[in-house]
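J.: Protein sequences appear in the order of chains A and B. For the first sequence, the working numbering begins at 1 and goes up steadily by one. For the second sequence, the working numbering begins at 1 and goes up steadily by one.
Because the hints were derived from the structure by calculation, they are not lab data. Since we're looking at a predicted model, the values are computed, not measured. Any given hint could turn out to be false.
[As the list claims (entries may be wrong)] Result set (EDC-like, lysine to aspartate or glutamate): computed pairs, CA atoms no more than 20 angstroms apart in a straight line:
#, chain 1, residue 1, chain 2, residue 2
1, A, K8, B, D99
2, B, K90, A, E4
3, A, K8, B, E25
4, B, K139, A, E4
5, A, K8, B, D141
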Amino acid sequence: MPTEPQIKLLSYRKRQSFFFLLLAIFLVTLPIFIFYTSGYRLSFENEETTIVTTGGIYITTNNLDVDVYLDEVQVDRPRLFRSAYYIQNIENGVHRLVVQGNGLQTWVKELPVDPYIVTEVAAFNMPVEPQIRPIPEYRNATGVGVFIESSTSTNLFAKGTTTEPFLVTTTTATGTLTANTEFDFVMSLFTEMASSTAASSTLVDRIETQLEQFRFATSSVPVASTTEAFIERNNMRIVLRENELYARWVGSENTVPHYFCVFDAATSTLATRYGEHVALQVDTQRLSTTTPLWFANTRACRSEIKLDRKWQTVDSFFFFPDVNDLVILKLEDGLYVTEIDDRAWQNTQKIYEGDDFEVVVTDDNIYVEEDGRYFELLTTIEADN
Amino acid sequence: MSEESQSHLLPYARRPDFKVGRATELTGSDRRFYRFLEIVPGALSWSALIGVILASIYFPFWAAYFIIAFAIYWVLKTIFLSYHVRYNWKRLKHHMQLDWQMLVSALPYQKFHHLIIFPYYSEPVEVLEEALRGLTAAKYDLKKMIVVLAAEERAGEGAVAQGHAMQEKYGHMFGHFLVSAHPADIPGELAGKGSNTHHALHQVHTEIIAANNIPNEDIITSIFDVDTVIYPDYFNCLMWHFLNSEHPYKSAFQPVPLFNNNLWEAPALSRVMAMSSTFWQMIMQERPDKSATFSSHSVSYQALYEIGYGQANVVSEDSRIYWNLLIANDGVFDIVPLSYPISMDATIAPTFFGTIKNIYKQHRRWTYGVENWVYITFHFTKNKNIPLKKRLAIAALQGEGYWSLVTNPIMLFILGWAPIFLGTREFHETVLSYELPIMVRNLLIIAMIGLVISSIISLSLTPPRPEKYSRFKYVVMVLQWIMVPITMIIFSALPGLDAQTRLMFGRYMGFWVTPKRVK
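This is chain A alone, in the form it adopts within the complex:
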């Protein structure tokens, strides 16, 4: 039988040895981890082991159901319900990003990636087929929308896919129906817009008048000017000047959206990295006193960015609901969404075809009035469609 416990107290020597082992691990791993998190990677290409410096791309999408490709290689999807991708280990140079999804328009951009730096970008994909949510004047007892028409044709919204069922009737007896309050609200938006713009001859005038009327709807601050009109939200101002549209940041320099700034470099370098239009704009603003370039460390930030209007006349323009980086343009042949980010090019996607409709955009919704009918234009495809 033992006369004392067989397992002794952990010896001081063992504890010290273990401590120093862990200390050594700490000292070895710390620089490795710091270098790794800063963007350094080991490269085993060409049968040689070298240390390379990498950058990354951070891309957000407005749709969860899309695929992202970098240089034609699909990027792993982020975790469930996340719409942001962080792509690591990208070598220095210009890379092509493609974001696409079933039934959605494709977004494409070529972006420069620099060592240690993450290039941010926001993609958007509008439905190829317009998604229409009808706003009927009445609803029946079961809540289904009812349109009173001269014929019973159900093809009321031929340009898109409707997201809710509705009935069409020729009878004007509405005793069994319930008035749709949303219809009244939407109609009032359009009525006010029409009355306020009736006397306005130019777009500048019209914008000014509309904005005064729809201040509550657009969160914009109209400013009268003889040469330009603008809408503004969260320090982003969309300016109409001499029939061209510009996006201007009026907030503090510290909070300027990243796409306003480019690396301060020679014109040729800028053209290679971001496109000739950006290089030209930087050169112009470098000399300008009204829209001067300003600098933050190694970056040159532009005062304003010109928006792509597809060589068409701008009928009206709005901020995209809930997003400051996208603008809705009503042009001659339809309604478009364009991005302010002009690196490489501006993606512009048509969301509704035609030239004979009216649009009102609130903070949350895009309403359209066409042929006396109202509907909401949805910018995503609903799951059950």
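Let chain A serve as the given structure and place chain B on it in line with the hints.
T.: Frame of chain A, contents of chain B only:
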């Protein structure tokens, strides 16, 4: 105190400031110095937390490097501590299997008496009875036991009557049995377990030890929280370690507190905190040179007699008594880990939020142990007989312990992300800014692997399942460990910061009695 009445005290213990509890009890430069020391822990903790925030704003790159270093340190610390827990677990199991009665029978243990003190306040009679029943089940000669139920007068006559009822029922089984009643509002005392124990020790000395001419050297004192239920071989194990110690009269004997009396009734949060406390004590068992007494423990009566039975004016009396002993004995006082368990209650309350409140308050009281750092640092500047290296090592180690207890969880789980939210624009555009959360998250996941070891060990220390609970509860007992990051912040860091801040501003805490409940 007269010179005669101080004659039994060690020289350093005769100093008027030996039993200082707070700065206000001193005068002159000592008072100012003590007050400064009271400010230091809170100031250091707040500086660290605010420092990380400021660094994240103004020096985000350096803050990010620091956070990476800190996360690696945390992983390695987890490995280091897990190693200790695992080792002690093996030793604990081994000690629980040993026949200590047989081991001690070969040693001259017969002359020793065990003085067992249970200070209590208004705990239910079942708690007292459970503790006494534990004693009666000991594989030890009960006639060698002097049992003291130390009641509080301020708890009312019922509390004292409860003690007498227990004496009636169990008194005859032990060598001696005393019910003491600690008077309320004694000047200079802080109402609580410390002052109650202090009073009981004085009373038992007069009424039993001196009256029966029992030599001080032949008594080993065990000061037990009233919910302490001993394992049958506790006193044999204690005796064996006492008789095999290098300095038995200059040593405190520390068992492993298992907060498992009511583990099956306790909610998951309470179980995690209870087991976490046990694990910490298991770690300390393997590094006794860095520990102090905690909760229930044993020590030679003579050693207590030589320091006048410790202090009656502090909150964290369980550890303070060790620091009293160490300082009065010029640095020669050891902790002897028993690696043998005692059972205590996990903190619970009738409602879930009541339990949360009680756990918070209990841990605030425990972390108010930072007052001991002030005490030892003050006396380390006075008692030059303690080797300087030892003084510096203890002060630094204890200080770091209280600092990291408060700051580490907050820095790791909350402020670790600060550079990402507060950093400059230049920082936000870097790979470092994006990789930092990924790196920290991955390191924390690795650190969480230590929790798997924790869950396995905790299951092995869980008492048998009462029939009324389903086997599913075992699954819950494993999964409960994912709450650790939250419990570390809510029940360690925040109460610790609360306690240090109170001390920093001189808003001294009183003793809060943790409610004990046995179903």
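J.: None of the hints should be skipped; say for each whether it holds.
T.: Consistency of the hints with the structure:
A distance of roughly 16 angstroms separates the Cα atoms of A:K8 and B:D99; the hinted pair therefore holds under the 20 angstroms criterion. Simply put, B:K90 and A:E4 have alpha-carbon atoms about 16 angstroms apart, close enough for the 20 angstroms limit, and the pair holds. Distance check on the hinted pair: A:K8 and B:E25 sit about 44 angstroms apart at the alpha-carbon level, beyond 20 angstroms; violated. About 18 angstroms separates the Cα atoms of B:K139 and A:E4, which keeps this hinted pair within 20 angstroms; it holds.
Proximity of A:K8 to B:D141 is assessed by CA-CA distance (about 28 angstroms); at most 20 angstroms being required, the pair is judged violated.
In the structure shown, a violation is registered for the earlier hints numbered 3, 5, in ascending order.
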